[in-house]
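Quick mapping for you: the protein sequence lines, in order, are chains A and B. Note that our numbering has the first sequence beginning at 1, numbered continuously upward. Note that our numbering has the second sequence beginning at 1, numbered continuously upward.
Source of the hints: derived by calculation from the structure; they are not laboratory data. Note that beta-carbon positions come from the ideal geometry of N, C-alpha and C, so glycine has one too. Watch out, some of these pointers could steer you wrong.
Derived DSS-like pairs (lysine-lysine); straight-line CA-CA distance at most 25 Å [as the list claims (entries may be wrong)]:
hint, chain 1, residue 1, chain 2, residue 2
1, A, Lys423, A, Lys413
2, A, Lys849, A, Lys752
3, B, Lys45, A, Lys849
4, A, Lys257, A, Lys309
5, B, Lys362, A, Lys884
6, A, Lys539, A, Lys884
7, A, Lys884, B, Lys347
8, B, Lys111, B, Lys59
9, A, Lys441, A, Lys259
Here's a subset of chain B near chain A, in silico, CB distances under 10 Å, partners left out [stated by the list, open to error]:
hint, residue
10, Asp236
11, Phe279
12, Gly285
13, Gly290
14, Ile294
15, Thr295
16, Cys298
17, Cys318
18, Ser329
19, Val355
20, Tyr364
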Amino acid sequence: MATNNYFGFTHGGTQYSATATGAAYQAGQAGYAVAAPATAAAAAATYGTQRAAGYDTAYQAAAATQGTYAAVGTGATPAYEYGYGQTAAAGYTGGYDQTAAAAAAKPATYATTYTQRAAGQPQAQAAAAAAAAAKPAQYTGTYQANATGYQATYAQPAAQTTIAAQPTTQAKQANSTTTYSGYDAALYSAATMYVAQQGGAAQQKSGGWQGYKKGGIGAKNMRTKAPPKPQQLHYCDVCKISCAGPQTYREHLEGQKHKKREAATKMAASVAVTNQNRAGNSLRCQLCDVTCTGNDAYAAHIRGAKHQKVVLLHTKLGKPIPPQEPEIIGGPRKSVSSTPKINFVQSGGLGIPTGNGDSKDDEVDEQPEPDIQPVGQDYIEEIKSDDGKVISFNCKLCECRFNDPNAKEMHMKGRRHRLQYKKKVNPDLVVDVKPSLRQRKIQEEKMRRAALREEFWARRHYNMPEDEDDRMYWEDRRRYEEEYMEMCRRGNLGPYPRGRPPFPGGAPPYFQGGMPMARRTESSDDRHVMARHSEIYPKEEELQSIQRIVSHTERALKTVSDQLAESTKPKEGQAQQPPTPQQPVAAPAANAANATPAAAKPVEAPAVVPKPESENKSAEQQQQQPKEDGRDNQLFSFQQDRDANRILKGVMRVGHLAKGLLLRGDTNVELVVLCADKPTLALLRKVVDLLPPALKQVAPENTYTVTINAAEAGLTVVGDGLTVLVQLTSPIMREQEAASGGLDRDVLARGKCLQALAALRHTKWFQARALGLHSCVVIIRILRDLCQRVPTWSPLSSWAMELLAEKVISSVPGQVQLSPGDALRRVMEAVASGLLLPGGPGLGDPCEKDSPDAASGLSAQQREDLTCSAQYALRLIAYRQIYKVLGMEPLPTQQKVFRRDRSARKRRRSGGEQADSESDSGKMVKTEGTETTTETPVK
Amino acid sequence: MARGGIRGRGGMNRGIGRPPYKVKMFLPRHPFDLALCESSFPRVKPAPDETAFTQALLKRNVDLSPTASEQTAILNLVTKIQTVLDNLVVAPGAFDACQLEEVRQVGSFKKGTMVTGHNVADIVVILKTLPTREAVEALGNKVKEDLKSLMKSEVVTKGEQLTHTTNERGIEISNSFACVRVMVTTLHHNIRKLDPEIHLDQKIMLSHLAAIRHSRWFEENAHHSSIKVLIRLLRDIRTRFEGFEPLTPWMLDLLAHFAIMHNPSRQALPINVAFRRVFQLLSAGLFLPGSAGITDPCEGVSLRIHTAMTLEQQDICCLTAQTLLRVLSHGGYKHILGLEGNASIAKEMSVWDGVVVSPLDKAYENPPEKKDGEEEDEDMEAEGDESMETIEN
């Protein structure tokens with residue numbers, strides 16, 4: 001019994017919506033009685049604990065009934081209940097919450113499903129969950145850890161069971177459906193759908209559920225030893241049909257009919273519009289989702305075999321059958337009217353509520369449409385068989401035949417017939433005018449466009465707070481949610497077998513280009529730019545290894561600084577030897593602080609410890625919360641408790657590293673060490689001596705080589721194929737010439753030191769101006785790549801290019817935010833319009849006094865060539881060849897992708913269809929490989 | 001590309017079944033325009049001295065302006081014809097082949113942007129009736145007769161002998177000094193009734209109506225003499241550089257007005273700045289696909305004027321301007337104005353002060369496949385708020 005129990009238990013989750021129903025309430029129904037009763041118990045027990053989560057409020061009505069279910073469940077199968085209790089007692093102890101219970105109910109499936117689904121969850125957890133499937137008892141802890149993660153979806157199927165069970169008692173259903181609005185209803189239908197699918201999957205084992213890639217995966221991994229089900233129903237919720245086997249079901253799902261149908265349901269929003277336009281009223285059979293144009297058509301539908309089949313099927317599945325009343329669409333009267341005089345034979349009488357029929361009779365018999373008198377009776381001749389029985393009718397006006405008297409009636413009321421009548425017999429007859437298909441289409445198109453435009457502007461005027469991507473993410477997320485709700489309201493879950501589909505956006509941060517979000521206004525240029533950008537953007541490993549070496553270097557430098565500070569303290573005089581002796585230590589530093597424009601604030605008194613330029617605030621903050629390295633691209637100050645004697649004040653990342661402009665394959669990064677005094681060769685040597693042991697201390701497992709690079713006024717640290725250039729500089733260098741009047745032999749090259757200082761300023765500027773500018777950093781990376789690839793562009797210095805991009809992008813009139821494609825085009829436009837040509841305004845350098853031209857190094861010929869190249873690039877962009885500018889392969893156009901998708905149709909399109917735009921895709925089906933040749937001659 | 005969610009997306013799309021929300025929004029963007037964002041690009045060095053350049057521009061303008069005798073000749077002729085036509089409007093008398101609604105002068109003569117050597121004045125006659133070919137013929141004869149009777153008293157020299165011709169646009173009356181084109185059109189509500197078999201071409205009729213709107217707009221908005229000078233210079237350049245051939249006079253009018261008046265201060269820019277700006281704008285792709293270009297102020301729907309050119313023409317126009325801009329910045333204005341050298345600078349390599357200015361290649365490719373080309377063509381010529389995607393799914 002134990003094993004039996006165990007398996008039943010395991011599968012409880014998978015099937016319990018159906019099985020519980022069968023076991024607890026419909027013992028008479030053979031199809032479901034076989035299901036392991038323990039499941040019922042499990043399910044029931046689950047309900048008990050279930051309510052804790054967010055469903056509590058939503059499911060209050062359900063909760064009210066849950067108690068009963070549980071009772072029934074246990075009552076019916078006490079033995080099993082005991083078995084369950086044992087398991088539970090053994091394994092699920094302590095803080096075992098409802099999530100864990102749900103997990104226990106169906107560990108195997110869930111665990112594997114979540115590996116795929118919850119992409120955000122660490123792999124380890126998923127693995128743990130998988131293990132839990134085998135031995136659920138031991139993994140309570142794990143489950144609890146992820147409680148919130150699982151909760152949402154785990155809770156759902158269990159909760160749904162309640163609803164699924166309900167068609168049996170219509171009163172309850174009415175009760176609960178009123179409480180369960182949209183979302184819950186969807187959950188419910190998801191659950192039923194899921195049941196059907198689980199059945200299919202169980203039989204099929206590893207069948208590729210193409211149609212169900214997302215949800216079905218769980219089913220694939222499910223245990224195959226399901227308790228035998230007498231009837232595997234392959235039910236398609238969209239088309240409301242059942243299929244004989246998994247094979248046919250799959251075929252159906254891929255079939256044209258299903259796809260069409262699916263599309264049609266999804267288009268329901270626009271259909272509503274159509275319906276409004278449609279004169280008169282339509283009745284809709286909610287069960288089959290069929291819209292009928294009139295009472296007669298509706299009645300015919302209800303009588304029809306198709307409807308009956310669906311009713312039968314739903315009854316079998318225990319799915320609720322929506323009230324018989326047609327839903328009136330666009331009718332003048334909104335009240336729900338009963339079906340006029342339809343003798344509807346309920347099939348089986350199994351789960352079909354009787355209350356439905358009763359209430360129908362109570363209602364006033366309203367005619368939802370104005371009664372149209374049939375016309376032209378005289379023109380319909382009866383065709384009789386030899387024995388005088390009427391076998392068919394022939395309408396002479398419309399030249400058509402029917403076998404059914406009902407059809408005849410309907411025909412006589414129909415528009416076509418009336419029009420013919422009007423035309424041929426009585427021109428006074430009023431026939432309501434239906435807008436032609438074309439007109440309607442135009443109308444719809446118009447409305448859609450208007451809506452789109454509105455949305456676009458709304459979004460455009462929407463002042464996004466900071467991060468565009470972030471906002472986009474949430475915007476998408478919100479839309480996705482809305483859309484999902486909308487889908488649920490229609491009670492149609494399409495390909496989502498259960499629960500809600502995972503939000504495809506992944507984790508919030510950084511998914512530029514991650515989704516070709518069609519709803520984002522993303523042009524082909526944007527896609528190309530973003531694709532190229534992700535090509536040149538360094539890989540995660542690269543970034544990490546760069547981060548590592550830089551971090552180690554920084555920490556080692558700090559150690560060196562500490563050591564130097566230690567050594568100078570006792571014998572200050574010696575340490576201060578190298579710098580110009582006529583200046584005391586504090587004075588030049590104060591001088592520098594005074595002089596540097598960036599520092600801009602006069603130092604109060606020379607006694608006060610001079611701070612490294614411009615970073616005063618941040619440095620101070622960091623003193624309070626000491627940081628490990630310069631990861632935040634701000635100054636990493638070595639100072640502690642204001643020690644005036646420290647020579648190496650701090651280190652800061654500069655250049656591409658700090659600006660976030662590193663490209664794939666970049667191996668050189670730069671650091672700048674600020675010194676309290678003029679950096680001398682002696683100091684540099686000392687640092688070079690001290691650094692290797694410090695590095696060893698910081699990172700014992702890495703090997704770094706440190707070499708002196710006096711020409712660059714610094715040293716290099718090489719390791720992992722990466723080179724870190726550490727430059728020594730001091731703010732005093734700016735003042736040096738004026739102050740000392742001469743060059744000190746020992747002092748490092750002044751030009752290099754000044755460059756390092758400028759690099760510091762550039763980094764600051766970049767962080768202040770470019771980082772916040774939409775698309776700017778992306779474009780600068782793209783341009784950096786361009787400068788590296790194209791020799792014409794290489795003379796443009798990195799700094800000038802950054803300035804150019806920032807100025808051009810920020811100068812858009814009206815502060816409109818440009819998409820990446822537009823931003824690149826605008827930069828090209830700027831250069832093409834002669835911005836860099838001689839006689840142009842030049843690029844004022846905001847980081848220097850009197851803002852000299854940052855691009856002054858360019859010769860006239862270089863400027864000419866740059867302009868020429870940009871001019872050509874601009875036209876390439878305008879003529880859809882941006883990929884040539886970016887140096888990449890063209891991306892396939894979006895609609896092509898879409899078409900290929902559609903080409904999965906089984907048959908060729910029939911010739912009757914629109915031949916213009918469709919014909920090519922029809923051809924493509926046949927010769928998928930050589931589509932280019934077949935596509936060519938359309939016109 | 002990190003497309004984490006692509007599978008999800010695909011599924012979702014399939015699930016929804018509606019095409020993945022076509023991005024129908026096509027917002028043309030105005031290209032980079034230095035004059036509009038000068039604050040971002042403060043001059044880092046003093047602007048070069050441009051007096052010589054300005055002088056050259058003004059001199060060229062004087063050269064291009066029609067001489068006094070030319071003006072007199074054409075004015076004479078226009079006045080006479082205007083008189084005759086006015087009479088027909090007021091008192092048609094026995095003339096019943098067509099009814100005249102209105103007579104208006106249009107075109108470069110009216111605007112004052114005439115270029116010497118091109119002494120053509122345009123008059124548009126709006127008919128109340130439909131412009132059948134016979135009616136136009138009859139009108140031509142009537143004008144001929146009336147002119148004859150009007151000039152009875154004059155001594156007609158040989159050169160002043162009038163010749164009358166009729167064409168698909170209307171009537172042309174010319175002597176050896178001047179030419180007046182009487183362009184026939186009809187009332188706006190009649191346009192739809194035109195039958196290509198018996199009437200004049202509908203497109204031409206519409207263009208004549210548009211000409212009236214253009215001259216009216218010009219009177220109201222572009223009376224600044226800098227604009228007229230610039231237009232004259234541009235018209236001259238257009239005739240000399242074949243890349244600019246597709247630019248219509250109306251485009252040049254609007255372009256000149258834009259270059260001079262469209263700046264933050266709304267004050268007319270100096271002629272040398274405006275002249276350079278024309279080339280800067282064209283080089284920045286003002287008249288390229290995807291650009292907002294200049295919206296026609298005389299059309300109800302927002303119509304970008306450059307869409308009248310084919311894609312290839314837009315490309316060639318742009319690349320000509322781009323090459324000339326570089327020549328201009330290296331001091332080659334005399335060649336551009338036609339004071340020196342020839343038009344080959346737009347197509348051949350030239351050297352200015354040691355700087356080699358090379359011509360550009362076309363970016364436009366003839367669509368290799370018909371199908372793709374169609375798509376692109378439609379896309380790029382998409383007007384107003386047209387979309388990027390054309391095939392409806």
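Against the structure, the hints:
{"no.": "1", "hint": "Lys423/A x Lys413/A", "result": "15 Å, holds"}
{"no.": "2", "hint": "Lys849/A x Lys752/A", "result": "18 Å, holds"}
{"no.": "3", "hint": "Lys45/B x Lys849/A", "result": "14 Å, holds"}
{"no.": "4", "hint": "Lys257/A x Lys309/A", "result": "17 Å, holds"}
{"no.": "5", "hint": "Lys362/B x Lys884/A", "result": "14 Å, holds"}
{"no.": "6", "hint": "Lys539/A x Lys884/A", "result": "24 Å, holds"}
{"no.": "7", "hint": "Lys884/A x Lys347/B", "result": "23 Å, holds"}
{"no.": "8", "hint": "Lys111/B x Lys59/B", "result": "20 Å, holds"}
{"no.": "9", "hint": "Lys441/A x Lys259/A", "result": "21 Å, holds"}
{"no.": "10", "hint": "Asp236", "result": "22 Å, violated"}
{"no.": "11", "hint": "Phe279", "result": "8 Å, holds"}
{"no.": "12", "hint": "Gly285", "result": "5 Å, holds"}
{"no.": "13", "hint": "Gly290", "result": "5 Å, holds"}
{"no.": "14", "hint": "Ile294", "result": "15 Å, violated"}
{"no.": "15", "hint": "Thr295", "result": "16 Å, violated"}
{"no.": "16", "hint": "Cys298", "result": "24 Å, violated"}
{"no.": "17", "hint": "Cys318", "result": "6 Å, holds"}
{"no.": "18", "hint": "Ser329", "result": "4 Å, holds"}
{"no.": "19", "hint": "Val355", "result": "5 Å, holds"}
{"no.": "20", "hint": "Tyr364", "result": "5 Å, holds"}
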